[in-house]
Structure formats: C-alpha cells, structure tokens
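Could you slot chain B onto chain A? The hints should help.
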Amino acid sequence: MASVPQDHSHGHDHSHDHDHHPTSWTRFFTTTNHKDIGTMYMWFSFVMFISGGIMALGIRAELFQPGLQVVRPELFNQLTTLHGIVMIFGAIMPAFVGFANWMLPLQLGAPDMAFARMNNWSFWLLPPAAILLIGSFFVPGGAAAGGWTLYPPLSIQAGMGMDMMIFAVHIMGASSIMGSINIITTILNLRAPGMTLMKMPMFAWTWLITAFLLIATMPVLAGAVTMLLTDRHFGTTFFNAAGGGDPVMFQHIFWFFGHPEVYIIALPAFGVVSQIIPAFSRKPLFGYASMVYATASIAILSFIVWAHHMYTTGLPAAGQLYFMYATMLIAVPTAAKIFNWLATMWKGSITLETPMLFCLGFLFLFTMGGFTGLVLSLTPVDIQLHDTYYVVAHFHYVMVAGALFSAFAAVYYWGPKWTGWMYEEKLGKIHFWWSLIAFNVTFFPQHFLGLAGMPRRIPDYNLQFANWNMVSSVGAFAFGIAQIFFIWIVIRMIRGKSGIRAAAKPWDGAEGLEWTVPSPAPYHTFETPPVVK
Amino acid sequence: MGASSHASTAGKYYVPESSIWPLVGSLSLLLLAFGAVGTMNKLNWGWWVLAAGTAVLLYMLFGWFGDVIKESEARLYGKNVDTSFRWSMSWFIFSEVMFFAAFFGALGFARLHSVPDLSSIDAKLLWPNFAGTWPTTGPYIDSPFTPMGAWGIPAINTLLLLLSGVWLTLSHHALIANNRSKAIFWLAVTILFGVVFLALQVYEYIHAYRDLNLKLTSGIFGSTFFMLTGFHGFHVTVGAIMLAVVLVRLMRGHFTAQNHFAFEAAAWYWHFVDVVWLGLFVVVYLL
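Protein chains in written order, with our numbering: chain A, 18 to 550; chain B, -8 to 278.
Think of the hints as simulated: they come from the structure by calculation, not from any bench.
This structure is a prediction, so every number in the text was calculated from the model and none was measured.
Incorrect hints may appear among the rest.
Over 10 Å on every C-beta distance to chain A, these chain B residues come out as not near it, computed from the model [to be verified]:
{"id": "1", "residue": "V28"}
{"id": "2", "residue": "V40"}
{"id": "3", "residue": "E64"}
{"id": "4", "residue": "R66"}
{"id": "5", "residue": "M89"}
{"id": "6", "residue": "I112"}
{"id": "7", "residue": "A146"}
{"id": "8", "residue": "N169"}
{"id": "9", "residue": "I175"}
{"id": "10", "residue": "V186"}
{"id": "11", "residue": "N204"}
{"id": "12", "residue": "F252"}
{"id": "13", "residue": "L269"}
Derived DSSO-like pairs (lysine-lysine); straight-line CA-CA distance at most 27 Å [claimed, not checked]:
{"id": "14", "chain 1": "A", "residue 1": "K446", "chain 2": "A", "residue 2": "K514"}
{"id": "15", "chain 1": "A", "residue 1": "K550", "chain 2": "B", "residue 2": "K70"}
{"id": "16", "chain 1": "A", "residue 1": "K446", "chain 2": "A", "residue 2": "K550"}
{"id": "17", "chain 1": "A", "residue 1": "K443", "chain 2": "A", "residue 2": "K514"}
{"id": "18", "chain 1": "A", "residue 1": "K216", "chain 2": "A", "residue 2": "K550"}
{"id": "19", "chain 1": "A", "residue 1": "K522", "chain 2": "A", "residue 2": "K300"}
{"id": "20", "chain 1": "A", "residue 1": "K443", "chain 2": "A", "residue 2": "K550"}
{"id": "21", "chain 1": "A", "residue 1": "K364", "chain 2": "A", "residue 2": "K216"}
{"id": "22", "chain 1": "A", "residue 1": "K550", "chain 2": "B", "residue 2": "K3"}
{"id": "23", "chain 1": "A", "residue 1": "K443", "chain 2": "A", "residue 2": "K300"}
{"id": "24", "chain 1": "B", "residue 1": "K3", "chain 2": "A", "residue 2": "K216"}
{"id": "25", "chain 1": "B", "residue 1": "K70", "chain 2": "A", "residue 2": "K216"}
Glycine included, each C-beta is placed from N, C-alpha and C at the ideal position.
So here's chain A without its partners, still in its complex pose (with noise of 0.2 Å):
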C-alpha cells in the first residue's frame, strides 16, 4: 500500500471552496459529479437486489415442496432465468460500478472521472435495460425463459421476451464499455502526482484489470445475442445444424465472455476485500506486488478456461483434459490472495467492525466456494455434477457470499464518508450474522442436493429432496428479510440516526487519500490534485 501522507489538513483542497451542489429537481438527470453518479448506480443496484431477489423468493416458494403450487412451469423458468441476469447485471455490476464512481476519484486525488459527461451516459443508460427486462414479464409469451445463460435453440424459438433480453444485454454491453473505458482512463490518466501505479491502491488496481476484462467480453457477448437475434428473426443458421451452424458455438462464444464475467464480478470484491482487511488489522497489506500480480493472473486465465462450463456437450478427450488443467490453474493466483489476507491479519491488531466482519465471512465463504469450483473443474466429477443444484449451491457462495457480502462490507466501510454519519455498530453487526446465518441455510443443503442428483431449473422434484429443499426456501427468505433490515440501518445512516459524526477518518487503520478530505465529501474535491510522496 501506498505510504500515502496523513498529514494533508482537512479541507486543504477545498477551504475556499464552499459546498454547493445544484438543488434544482433536474440534478441527477444531468449530473456530471463522480459522486451523485456513484450515488445513483447504489440505489439502482439496490433496487434490483430486491426485484432479483424477489424472484428468487418466488422460485424457492415453488420449492418449497415437492409437486407444483406457487408459480406455473412457465413462469418458474422465466423467474430462473431473470433472477440471474438481473442480478449479475442489475445488482452486483452496477453495486462495484457505483463504488469505483465514488471511490476511485478519492482515492487516485482526481477532481473527477475522466469522462463526466459519458460517466451520466453509463449510469442512465441502466433504467431503459431494466424497463426492458422487467418489462418483459408482461408481453405475450412472456421474459426469456431457457436459462440466463440463453442458448439456442429454446432462446431462438422464444417469443419477444428474448427479444427485449437481447437489446437489454446491448444497452448494458454499451454501459459497461463506456463505463470500463472511463475507469481505465481515470486510473491511467488521472492519478495525483506522485501515485504511481505500484502505490495505488489494490481497489483501484482490481478495477483497473476488471474494466480491461469488460472491454475484452462485453463486445463478444454483444456478438453472440446479435446473432442470436438475426437467426430469430431474419433466417442466419448459425446456431442451426440444419443450416449447417452448431447450437454448440453459442456455448463457446457466450462463455468467452461468461467466464471473465465471473471475475468480473469477484476482482473488485476482491480490491474491496483488499482495503478493509488491512484497515481493521492496522498493517499494510502483505504482499501488495504479488496482489497486483495475482489479479492480472487471474484476468490472463479467466480467458482460456471457458470451456469448464461445458464438459458435456462432448468435447473431444484432449480439450477436457486442457480446460480442466488450466481451471485449476485459476486456484494458484487465487490462494496467493487468499494466503495475503490472512497473512495480513497475522499479529495485526485486530477489532471486528461490521465491514471486517462481512469480510470475515467473505475470507471463509468465498473460499468454501473456491473449493467447490475446484471440485466441479475435474471433468469425470462435473459430468456428474453438471446443471445440479451443487453448481448452484456452488456459485452462490462465489457470487453472494463473495461479492454480495463485500458490496456490504463496501458499504459500511465507506458509507460514513458518503453520508458524514456513522452507522449503528450494533444493528450492522446484526445484519452480519443473520445474513451469514441465512446465507448457509440456504445455499449448503443445495451441496447436498446436487450431489444426491437434484437438477437445477426444474419447479418440482423427487420425494427424497424435500427435507433440504424445506430448509433452503426458509433460509432463504431469512436472508431477503435480512436485507430490508440493511436498507433499513442505511437509511438511518444517512438520517444520522446513530448520533455519531463521521470524522475524516473514522477508521484510525485505513489509509489512503479518500480519508484526507472530510466526511461526508464535499461535492467538489481534488480540483487541484494533492501531491503523493
């Protein structure tokens, strides 16, 4: 970590400068301030936290029990299949995007994004998809209902939900471009003299590599629903054998970009991860060079491993035994990040506020769902294990207890620097253990589920499977519950209901330039930029 110098005085860049932002009703329509964009991608990603999540609600209604009750067949696939994409997507994407907006200016001593004006675009462009994929619900036939994953041929022989999915999955491919390209300039750009690359900090560094990730896949998978949508609507073959095509190569197209995406998602978890642990340990991170490096390996990978996600639709011999050497491959720069943290919290001072806590269960969850990936890399394994619910069991304990969990910690960690309140110790650490708790009552019974030979995707199933599948669909309405009572403790954070002001640096561990200005930032900051020694 950077030695970045603590003795910038409070209000050194902005003394003159007084805190005026626009009031007008127009504001966050035509903003170009880093930090009301930031703003706008947290809420929007919270609001399809909730519309994802309450379709998972509605698939473990029907899951309930065994035999069909709740939802129709039908719409059990179309809830499948928007859960997923709406929360990749919608809430987690955006959650990482919202934070980079805040934090990377702060952090890098840039008076904003790069592109300010493209940076709105970006954002705004979000509630046109998501008017599109909600909206899809309600046209005859029906959302997109053949998995999020949208292979040919059900995605080809679909009705116009497909259709609607497809634009969505352009116009969010087009936000994530511009967002990438405007994250990569600000870090390339924008830094503070004196910030080198190697004194970054690792959040910065996670999203330098995870926006490079996003400008390598999001024009593929923009490829592959473009060709999904010619050979819907205006007679191409590539998808049909009949036309000498192969439903096959969407698969590999798709997962191009599908296993990057994974990373995606998990390498600024893994920056956020990166700053808190250091910060409640008060030492530096071990090993900042081998991070860095670790996570430019895993980007390098994540591109030659694509086809894990495939060993059943008959891939030769030799190309399952390369896909299922090179997966492993991923879990050696992996368990370097895994060993840093710990090694960082070593004879470190340890105390166990609410964003060390998520991250807590961060290190051991996301670790469980290293180890089951590990599991399902051997191919003999995974042919059994293929689209059972040990997969979804599996990328559940990447997906939430990795990156959800430390969007939360994110949040805690720097919420009082966006609101000037602290939040309620208590109430968070709350919401810590009944998430935590909620979390493996659902997702670890599914362990066992897929292993006994539960498939995923399906609304009924066999007698043997509903003692755990009883405990699951509580567990997990235990966890949406949980996270009402997360808004609820933000909102009181932004109301200052803890009675608590931030101070510049409520954490006396944490370093780094976004605790030399006052909380909550003033609207403006880093007009000139600080120097960096």
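For chain B alone, coordinates are given in the frame of chain A:
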C-alpha cells in the same frame, strides 16, 4: 495542445457542467429497442417508435458533439484531457476489435468444426449425402448458390480502402504542415473512396441476391458472409460520417497543426476499418 492557449487552466482538468444529452441518448436507445422489438414481431407501432428513436438519437448526436466541438474550440481541453481522449479512443477501438472477433470466431468455428462435424461418421445417419465442403448451405437447406468471387469487386474494394488510407495520411501531413486547402482536398478524396467502396458493396449485395442466389438465408455461408461484410460496411459508413464531420470542421477553420485530435481519432478509426477489411478479404473471400 498549444502551450499558451491553456495557461490559465494549467494543472486543472476540465470537468463539464451538467448536461441533458446523456438522458436524451438513453431515451433514444429505449425507443430504438422497443421499436426494434415491435418491428421484428410485426407490431403496427414498431416502425413509428423506431423512427422516433432515430430522430431522438440524431438530436442527441448533434447536440452532444456540438457541445464537445464548442468546448474544444474554446480551448477548454488541456493537455490532460487530450491524453484522456487518446486513451479512450484506443480502448474503444479495442472493444470494436473484440466485437468483430465474435463474428470472425463464428466463421472459423463453422468452417473448422461444425461443418466438418456435420459430415462426419456420427452424422451420416441423419444426413448421409452431406459432403461437408465449403462453401455450403448446410445439410438441410436446399437452395444452391454461387459464392462471391474474390478477384472482382472485392479486390477493387481492397484497393480502394488501402488507397483511401494513403490519401488520409497525405491529408494529415498537410494539416501538420499548416496547408489547410491541401488537407481538405485529400480528406475529401478519402471520403469519396469510402463512398465508392460502399456503393460497390451495395452493388455486390444486389448481384449476390439477384444473380448468385446468395442470401442471408443461404445457410452458414450466407449467414457469416452477410454478417461480416454487413457489419464491416456499417463501420465504414460510421467512419465516413466521422471523416465528413472532420472535413466540415476543417473547412470552417477548426483545428491547428498541433491540436486536431478529432481528425486523428477519425483517422485511427478509418485505419482500423481498413485492417478489418483485409482480414475479411482473406477469410471471407479468398480462403
């Protein structure tokens, strides 16, 4: 950037004031998406919404780029902003490379894997007579076509695009040498070559449909042929529009010998489109 022109803003990074254009742009994409869904599903309102979306998009493009040009001419962009523009245009072109990669990948996959596989021993039961040679309509589509030859119009088009790159470089050198009229002349010639290229592409498509029975529906060959050339043609169109805007700005006296990134960005884009065509010419027409 001229060193003297931004002395007062030295060290300050230009952050634009609030702007309505992002919101207008989002509205246009929302309308375009719904319009496209409507037209593709044969709904009456589709075309109207599509037209409205296009109108709003044009309004946004004129407004937004108009603002950027005004700011640029007011010398609000310092050296730092110029560097940002260079990074962003490079990464944008990289994203376009990856977009094309998806379609090139589809062509490669079809030729190297799926077509041979459909004629393999495993598929003999389904399609005993399918030879698996390229070009093909696939095993089930019975509508024979003649593939597009490489050495007619496509070869001429290759020459046109390569030469247009040369003319563009001449124009750039003239601009750097402060010879504005020469820069305008060669830039106009560049655009003319681009337009002729597009006209020949249109003629080629008509020829394919009318004489060769080569259509979008001609199986995997037609799919990849029209997707790759059509997508490229769209990019040539965009590139030509970018160059045309730069031409108008040159004629109005914008740009200086040192400060003309819009020209350079459009030129980078044009060269990128050239390079894609060379790849296309080899794998779509020659091989």
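TODO: Below or equal to 27 Å on CA atoms is what counts here, so check K446 (chain A) against K514 (chain A).
DONE: Holds, at about 16 Å.
TODO: Taking the shortest Cβ-to-Cβ distance between N204 (chain B) and chain A, state whether it exceeds 10 Å.
DONE: holds (14 Å)
- [ ] Mind verifying the non-interface call on L269 (chain B)? Its CB should be farther than 10 Å from each CB in chain A.
- [x] holds (20 Å)
Open item on the list: Hinted pair, alpha-carbon criterion (27 Å max): K443 (chain A), K300 (chain A). Please report holds or violated.
Closed with: The given pair, whose Cα atoms are some 25 Å apart, holds under the 27 Å limit.
Open item on the list: Just to be careful, I want the Cα atoms of K3 (chain B) and K216 (chain A) compared with a cutoff of 27 Å; is the pair within it?
Closed with: Given pair K3 (chain B), K216 (chain A) holds - Cα atoms ~22 Å apart, limit 27 Å.
Task: Consistency of the no-contact label for E64 (chain B), given chain A and a CB cut of 10 Å - done: holds (17 Å)
- [ ] Would you check the hint for K216 (chain A) and K550 (chain A), treating anything up to 27 Å between C-alpha atoms as holding?
- [x] Distance of about 10 Å is within 27 Å: holds.
TODO: Please work out if K443 (chain A) and K514 (chain A) have their alpha carbons no farther apart than 27 Å.
DONE: holds (13 Å)
Task: Agreement of K550 (chain A) and K70 (chain B) with the hint, judged by alpha carbon distance not exceeding 27 Å - done: Within the cut-off at roughly 23 Å; holds.
Open item on the list: With the threshold set at 27 Å, check whether the alpha-carbon distance from K364 (chain A) to K216 (chain A) stays at or below it.
Closed with: Holds - the C-alpha atoms of K216 (chain A) and K364 (chain A) are around 24 Å apart, at most 27 Å.
Task: 27 Å limit on alpha-carbon distance, applied to hinted pair K550 (chain A) and K3 (chain B) - done: Holds, at about 20 Å.
Open item on the list: Checking a non-interface call: every C-beta of chain A should be farther than 10 Å from the C-beta of I112 (chain B). Is that right?
Closed with: Its Cβ never comes within 10 Å of chain A, the nearest being 14 Å, so this holds.
This entry does not satisfy hints 1, 5, 16 and 20, going by the numbered hints stated previously.
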